[in-house]
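Position chains U and Y relative to chain F; hints supplied.
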Amino acid sequence: MTFARKLLQAASALALTATAAVSADIAVVGGKADDLFWNKIKKGMDDACLAVVANGGKCTYLQLQTYDNLGADAAQLVRTAIAQGANGIVVPNWVPEAEDPAIKEAIAKGIKVILINAGNGDKARELGAINYVGTDEYQAGLAAGEYFAAKGVKNIICINTVPGAANLEARCKGVADGAAKAGSVSNQLPLPASSFGDPTAVAEAIKATLLKDTTIDGAITISAGDADSAATGIEQAGLTGKVMLGSFDFNQTGLDRIKAGTQGFAVDQQPYLQSNLGVTLLASHIDFGNLLPTFPVLTGPGIVDSTNIDATLNGVAAGAR
Amino acid sequence: MSAPILALRGVSKSFGPIDVLHDITLEVRAGEVLCLLGDNGAGKSTLIKILSGVHQPTSGTIEMDGRTVTFDTPRAAADRGIATVHQFGGTFPLMSIGRSFFVGAEPTKRWGPLRIYDRRTANEIAVKAVRDFGITRIDDGDRLVGGLSGGERQALAIARALHFGARVLILDEPTAALGVKQATHVLRIVNEAKRRGLAVIFITHQVMHAMSVGDHFTVLIRGAVAADFRKGEKTREEITDLMAGGASMASLEAEIEGYMASHEGHPPPPHA
Amino acid sequence: MTETARMSGPAGTSGSGRLGALLRRPEAGALLGTVGMLVFFTIFGGLGFLTVASTASWMNVAAGLGIIAIPIGLLMIAGELDISVGSMVPAGSMTVAIISGHYGLPIWLGIPAALLLGVVVGLVNGILVVRTAVPSFIVTLGTLFSVAGLVLGFSVLITGTTSVAITAPDLAKAIFGSFYIQGQFQVLILWWLLATCAYIYFLHYSRYGNWVFAMGGDKVSARNAGIPTERLTIVLFVLSATSAAFVGMCQAILFNSAQVSGGQSYIFNSIIAVVVGGVLLTGGFGSVIGIFLGTVTFAVVNQGIYYTSFDRNWSSLIIGVMLLLAVLMNNTFRKMALNYTPRKGNR
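Chains as they are written, first to last, in this note's numbering: chain F, -6 to 314; chain U, 579 to 850; chain Y, 25 to 371.
With the rest of the complex left out, here is chain F (with noise of 0.2 Å):
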């Protein structure tokens, strides 16, 4: 884009402004499309943008080319947003001190941000973003273990395989204390980078740890791939259907599982929703100036079990789940 196309352009956003009502422009920031979780918001943002387009607006999607420099990659593409002229910006926060100059840039200039994904209400409230969709991995975590606690299921393990990452500690931080609400307990297990990608030592980890402690009845993975470990782990053990598997997020083998009733339930934070309440809020508020109340807005957990699994299937074949 050549420096005079900008400068028309901006002279006519500013016409805009100071004539007619405005029209939503949003920029949806996130991850590589080509990557299974983000083709999922980026459906979210495509349906919510019929609205949009339908009333005179427009969406863009800026996607981050690689995860190597998250916090600096992510900033930029907020600034280049702001460049762009949106009026409105989705962006996950994650990493706060990398990217929270930019968002208030943004919002210093009068765009309206929400933050999704990455985040949480109160990060929200501080920069002055309009609100965050989202999951709170804490609350998807709790939410696990009182579904658990709910089956009466009374000592649950928490498989994580990248023991210290920030948000995979809250999720098993989360479903010991959803546990013991009912008098369950949680411990985590947490895996040397030794067995990370190498399906046979997670599964062999899991049975042995079943093996050695026998009254653990019940076991959750923070991946979806770690679970179809986890699977032939209980299987080797002997336990399927005395051991109850639950999983952080899905995959195909996982909802087959739960189909099979090999697997109890999967924690799911709903990325379509993510991006397809973001967009669909900012831009009813820039638009008509709708705000809604609920704050934060929580798309997950949403725990997909056997009463659900059918229609699981059908969002996953529409590549909305």
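Simulated from the structure, these hints should not be mistaken for laboratory data. Mixed in with the good hints there might be a few duds.
BS3-like mimics (lysine-lysine), calculated; alpha carbons at most 25 Å apart, straight line [to be verified]:
id, chain 1, residue 1, chain 2, residue 2
1, Y, K197, F, K252
2, U, K706, U, K772
3, U, K627, Y, K243
A few chain F positions that, by computed beta-carbon distances, are all more than 10 Å from chain Y [as the list claims (entries may be wrong)]:
id, residue
4, Q77
5, G78
6, E90
7, N113
8, R118
9, A143
10, A173
11, D249
12, G308
Some chain Y residues close to chain U (C-beta under 10 Å, calculated; not the full set) [to be verified]:
id, residue
13, F161
14, T191
15, Y225
16, H228
17, D242
18, V244
19, G250
20, L304
Predicted, not measured: the structure shown is a model, and the values here were computed from it. All C-beta atoms, glycine included, are put in the ideal place defined by N, C-alpha and C.
Relative to the frame of chain F, chains U and Y by itself:
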């Protein structure tokens, strides 16, 4: 006197504009030790590389048994029976004596449907070959080459060369890194190789070592033959003076410099 | 067949006798390491560590790792390194899962395709290493990332996801991904043992093994001795990449799913197994039995932890210390082998 096995005729070598060897002529006969003497940087290692096929001469010819030959690769030189043994002897210190002896030419035997490496034969041949050189301390072919003394390694390498039909043995400073006792050992092995009818080119800068085994001496200075004489024609002091380029060398040096000057800007034609 | 019981290396019957000869072999340290770890975990893990389930536990982990570690070890003995196995494992899984899971084509098409991918990547690695003067660490680092990128890109392009489900027919499961003996032992263990035997023949009994050692000792001298070093290097790279793809393929069949990520731990784990097994990082020294034992040691340490009452947070520390001890032991034995002289007082 028999005909030379290997001879260089007017060999020169330059790397780009830098002349390293000038008009080298030398010959070596069966059962004779030619000592190549020279200080560091005299061009000894380049000469070895030409003899062993690593480099090709820029001009001049190599003859074997009176016929002109070219060594395009080290393999080609080895196939003609030229074996080079470097300072540290065995180049595979972590291999067993038997295995390193037969690298690339392993004896095998049938074992069911498979052919397997014949460790026993390899060890027996290797140990016997080394012991024939008087190294009686070696009796186990499974020992690692790296555990042998410097002299033993030289013996192993020379025995290996002989076993695989070497006719010309190039020894590159075999005694340089050794103590007196070990060096004596190696010199005895050189004499034994000579006795068995090998043509030996013995590269060294230790005059004493050269004199104790040499039949024929060539002194290299700055890439040219500065002196060429037979056993008994010069005293140890004279040879040392020659190598060090002492006062008596002044005229020779002038001659060499003159030669170099005459080649300046006129590098010899490339090797055909 | 007394020959079969013995391998290359400093095994002599003379001198200080059988025990001394055993201690000077490349796998001596590895053997003591394995025994030491088994004793350690039997003491601290209690009887639970000796059960069928726990034996299966470390053997299953060792099997997949071992199939990859041996060709990596051969490369290291030959003076090269291959870290691209880290992405060849998921590449193998994803290839078979996409072909036979996503497209639903016969598994007998998916399996050879996964292996073929290994052969191709191995050829690329080998040819690049041989034709350029670039160290194999750098070349395979390049293919590590390239293959990871290709797998991710194609996976999303073709399936729209990064995780593909696959349901293999019974026969394929029986051969590549199922459990036997009380439903505990992966069939991969059998493949691992077969591969180990084949590699023992290759490295220690065929003449080609001698070439591998010679290449690692001194590549130039090896070439001068008439060894086709370039061809052999390429063959070794093909072996390692194909083995990694094979393990990935078996995992996909066993776990009914394949992920784009993962497999990276095989890079370090295989190098650890190889080094603990007594292979010299700089090449020229080592043995297949040693690598086999190194793999077992690694798996025992990695899985034994779960049978002890140690706090799980210390797992990595314990693994690290155990492996350091094993490597130190190896160095001691290698020095013994090098300094060995049958008779004293003659130096």
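Here's how the hints hold up against the structure:
A hinted pair counts as satisfied when its Cα atoms are at most 25 Å apart, and K197(Y) with K252(F) qualifies at roughly 22 Å. For the given pair, K706(U) sits about 19 Å from K772(U) by alpha-carbon distance, which is consistent with the 25 Å threshold. The hinted pair formed by K627(U) and K243(Y) meets the criterion: a straight-line CA distance of about 17 Å does not exceed 25 Å. Distance to chain Y confirms Q77(F) as a non-interface residue, since its nearest Cβ pair spans about 26 Å, more than 10 Å.
The Cβ of G78(F) sits about 31 Å from the closest Cβ of chain Y, beyond the 10 Å cut-off, so the non-interface label holds. In this structure E90(F) is separated from chain Y by more than 10 Å, as the shortest Cβ-Cβ distance comes to about 26 Å. For N113(F), the shortest C-beta to C-beta distance to chain Y comes to about 27 Å, beyond the 10 Å cut-off, and the non-interface label holds. Non-interface status of R118(F) relative to chain Y is upheld: no Cβ of that chain comes within 10 Å, the nearest being about 34 Å off.
With a least beta-carbon separation of about 27 Å from chain Y, A143(F) lies farther than 10 Å from that chain, consistent with its non-interface assignment. The claim that A173(F) lies off the interface holds: its Cβ sits roughly 20 Å from the closest Cβ of chain Y, which is beyond the 10 Å cut-off. Chain Y draws D249(F) into its interface by the beta-carbon criterion, the shortest separation being 6 Å against a cut-off of 10 Å. For G308(F), the non-interface assignment is confirmed: its Cβ lies about 14 Å from the closest Cβ of chain Y, beyond the 10 Å cut-off.
Checking F161(Y) against chain U: minimum C-beta separation of about 21 Å lies over 10 Å; hint violated. Below 10 Å, beta-carbon pairs count as interface contacts, and T191(Y) has none with chain U, the closest being about 39 Å; its hint is therefore violated. Below 10 Å, beta-carbon pairs count as interface contacts, and Y225(Y) has one with chain U at about 7 Å; its hint therefore holds. Look at H228(Y): its Cβ gets to within about 8 Å of chain U, closer than 10 Å, so that hint holds up.
Annotation: interface hint on D242(Y) holds; nearest CB of chain U at approximately 4 Å, less than 10 Å. The criterion of a C-beta within 10 Å of any C-beta in chain U is met by V244(Y), whose closest approach is roughly 8 Å, and the hint holds. Checking G250(Y) against chain U: minimum C-beta separation of about 4 Å stays under 10 Å; hint holds. A hinted interface residue such as L304(Y) counts as satisfied when its beta carbon comes closer than 10 Å to some beta carbon of chain U; here the least separation is about 7 Å, so the hint holds.
Violated hints, in rising order: 11, 13, 14; the structure is consistent with all others.
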